[in-house]
Amino acid sequence: MSLYEIIGGILIIIGAAFLFLGGLGILRMPDVYNRLQAGTKATTMGAMSLILGVGVVKMEDSWTWIVKMSIIIIFIAISNPISSHALARAMYRRKRYPFIKSSDKNMDAYREIIEKEEKDEKTVMNDQ
Amino acid sequence: MIYIFYITIVLLALGMLFAIIRFIKGPTAGDRTVALDTMTTIIVAGLVIMSAVFDRFIYADVALIYSVLGFIGVIVIARYLEGAL
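Each protein sequence line maps, in turn, to chains E and X. Residues 1 to 128 in our numbering are what the first sequence lists, from first letter to last. Residues 129 to 213 in our numbering are what the second sequence lists, from first letter to last.
It is possible that some hints are incorrect.
[Unchecked claim] Taking lysine to any residue pairs in the SDA-like style, the calculated list, with each CA pair at most 25 Å apart, reads:
hint: 1; chain 1: E; residue 1: K41; chain 2: E; residue 2: S2
hint: 2; chain 1: E; residue 1: K41; chain 2: X; residue 2: F199
hint: 3; chain 1: E; residue 1: K41; chain 2: X; residue 2: V138
hint: 4; chain 1: E; residue 1: K95; chain 2: X; residue 2: I152
[As the list claims (entries may be wrong)] Chain E stretches covered by chain X per the calculated footprint, using a threshold of three residues with CB under 8 Å from any CB of chain X:
hint: 5; region: 20-34
hint: 6; region: 46-60
hint: 7; region: 86-94
In case anyone wonders, no lab produced these hints; they're calculated from the structure. Owing to the predicted nature of the structure, the values given are computational and were not obtained by experimental measurement. Beta carbons: idealized from backbone N, C-alpha and C, even for Gly.
From just these sequences and the hints, can you work out the full model?
Here it is as C-alpha cells:
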C-alpha cells in the first residue's frame, strides 16, 4: 500500500463511521431537533471526510479526481446547513416544542410555561 | 484496499437501514423529512464509493446532481411545512 492509500483509507473509515453514527442518532434521539442535530451535522462531516478520502486515494492515478471531489465537498458544505436551518425553522413555526425529560426537576418551570402556551393555542394544527 | 471499501459499504448500509426505519416510523412529517435528508447524504457518499470501486468517473457526476436535487427537495418540503408555499 502506498502512502496515498493509507491516508485516504483512514479518512474513508472515519467518514463511514460518522455516517453510521448519524443514522444511529436519527433512530435513537427523542425529538425532531435532536434528530436534526444527529442527522445533518454528523452526516455532513462524514460525507466530507469520505469524499476527501476517495479523492486522496485516487490522487496517485490522476489529479482530476481531487478537483471533482472538491466540487462535491464544497457543495455539501454549502447546502446541508441551509436545508437543516430551513427544517428547524419550519418545525419551530409549527410549534413543535422540545422534548422534556419527565424526571428532571429543573425543567418543571419550563414545562409549565409550555403547557400554558399550548392551552392558549386555540387553533390546533394537524400533525401528519 | 478493497477491505476498506467492504467495511465502508457495510457501515453505510447500516446507517441507511436506521434512517429508513425512522422514515417509516416517524411520528410527524418533520421527522420523515430529516430522515430523507440523511438518506440523501448517505446515498451521495455511497455513489462516490461506487465510483472509486468501479473506477468510473461518471458516478461522481451522478452524485453531484443527486445532491443538488435532494437539497432542492428538502428545501421545498420545509417551506411547505412552514406554510409559506
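Going through the hints against the structure:
no.	hint	verdict
1	E/K41 x E/S2	32 Å, violated
2	E/K41 x X/F199	15 Å, holds
3	E/K41 x X/V138	21 Å, holds
4	E/K95 x X/I152	23 Å, holds
5	20-34	holds (count 8)
6	46-60	holds (count 7)
7	86-94	holds (count 7)
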